[in-house]
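Protein sequences, first through last, are from chains A and B. Taking the working numbering as reference, the numbering of the first sequence is continuous, increasing by one, and the terminal residue is 112. Taking the working numbering as reference, the numbering of the second sequence is continuous, increasing by one, and the terminal residue is 113.
Calculated directly from the structure, the hints in this document are not laboratory data. Using N, Cα and C, we set each Cβ at its ideal position, and we do this for glycine too. Take the hints with a grain of salt, since some may be wrong.
For the chain B half of the interface with chain A, some residues (derived, Cβ under 10 angstroms), not all of them [stated by the list, open to error]:
(1) 31
(2) 32
(3) 38
(4) 44
(5) 46
(6) 89
Simulated DEER-style distance windows between Cβ atoms [to be verified]:
(7) 81(B) - 41(A): 21 to 29 angstroms
(8) 98(A) - 76(B): 21 to 29 angstroms
(9) 71(B) - 41(A): 15 to 23 angstroms
(10) 54(A) - 74(B): 30 to 38 angstroms
(11) 79(A) - 58(B): 41 to 49 angstroms
(12) 82(B) - 95(A): 27 to 35 angstroms
(13) 113(B) - 22(A): 36 to 44 angstroms
(14) 14(B) - 82(A): 40 to 48 angstroms
(15) 110(A) - 42(B): 17 to 25 angstroms
(16) 98(A) - 28(B): 20 to 28 angstroms
(17) 113(B) - 17(A): 43 to 51 angstroms
(18) 112(A) - 76(B): 37 to 45 angstroms
(19) 51(A) - 27(B): 23 to 31 angstroms
(20) 28(B) - 63(A): 28 to 36 angstroms
Computed cross-link-like contacts, DSSO-like style, restricted to lysine-lysine with a CA-CA straight-line distance of at most 27 angstroms [claimed, not checked]:
(21) 9(A) - 42(B)
(22) 9(A) - 100(B)
(23) 71(B) - 100(B)
Here is what each chain is made of, one letter per residue.
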Amino acid sequence: NAGVTQTPKFQVLKTGQSMTLQCAQDMNHNSMYWYRQDPGMGLRLIYYSASEGTTDKGEVPNGYNVSRLNKREFSLRLESAAPSQTSVYFCASRYGHSYEQYFGPGTRLTVT
Amino acid sequence: GESVGLHLPTLSVQEGDNSIINCAYSNSASDYFIWYKQESGKGPQFIIDIRSNMDKRQGQRVTVLLNKTVKHLSLQIAATQPGDSAVYFCAENLGGGGNKLTFGTGTQLKVEL
Numbered sequence: 001n002a003g004v005t006q007t008p009k010f011q012v013l014k015t016g017q018s019m020t021l022q023c024a025q026d027m028n029h030n031s032m033y034w035y036r037q038d039p040g041m042g043l044r045l046i047y048y049s050a051s052e053g054t055t056d057k058g059e060v061p062n063g064y065n066v067s068r069l070n071k072r073e074f075s076l077r078l079e080s081a082a083p084s085q086t087s088v089y090f091c092a093s094r095y096g097h098s099y100e101q102y103f104g105p106g107t108r109l110t111v112t
Numbered sequence: 001g002e003s004v005g006l007h008l009p010t011l012s013v014q015e016g017d018n019s020i021i022n023c024a025y026s027n028s029a030s031d032y033f034i035w036y037k038q039e040s041g042k043g044p045q046f047i048i049d050i051r052s053n054m055d056k057r058q059g060q061r062v063t064v065l066l067n068k069t070v071k072h073l074s075l076q077i078a079a080t081q082p083g084d085s086a087v088y089f090c091a092e093n094l095g096g097g098g099n100k101l102t103f104g105t106g107t108q109l110k111v112e113l
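The shape of chain A in the complex, shown without the other chains (with noise of 0.2 angstroms):
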């Protein structure tokens, strides 16, 4: 049991760039979210899916993009990468039944 998996772990873009960056879990959750984290600050959501095909916006949603493929992945793109987007990226999964959000180890992302 893997828990919550992210890829890449670290990346770097030049602005303009895109990417997509990988969240998978293997919890059977029904919950899954993206959040942004930059120094001194708490982690903001950007986006959520309460459950396999559907997602919302959260509190810093502006130039991203989310899929939730199926039950098991939330993917997170960035069309055009910007330097204010330089941040570490979190995965998290929830059961539906528990309030309790599981996190995955981060994505390191600098845009130059």
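We have chain A; now place chain B onto it with these hints.
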């Protein structure tokens, strides 16, 4: 908008002492609170939670206290150990659909030997 904040950005304690990490929240409709621990280079890890209809909840070496009158949450760690060194976040669930958590900015706990 609503926010969750912490009073102390850094807390230094001696090994073996008790630690108290505080958190203020502003949304009286929040029905659930969680404390997370984040070690350097890792994702947040669940420590303990408490529902809004409770005042206190105890775990192994940790206790969470909730004071709804002043909208205050605290995490107490007994007999602090070097392995407790990390950033601690409180988070509140605002209710409604999707179980969206709002996180505070975090407190760095440093355990001195």
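Among the hints numbered above, which are violated by the structure, and what are their numbers in rising order?
none
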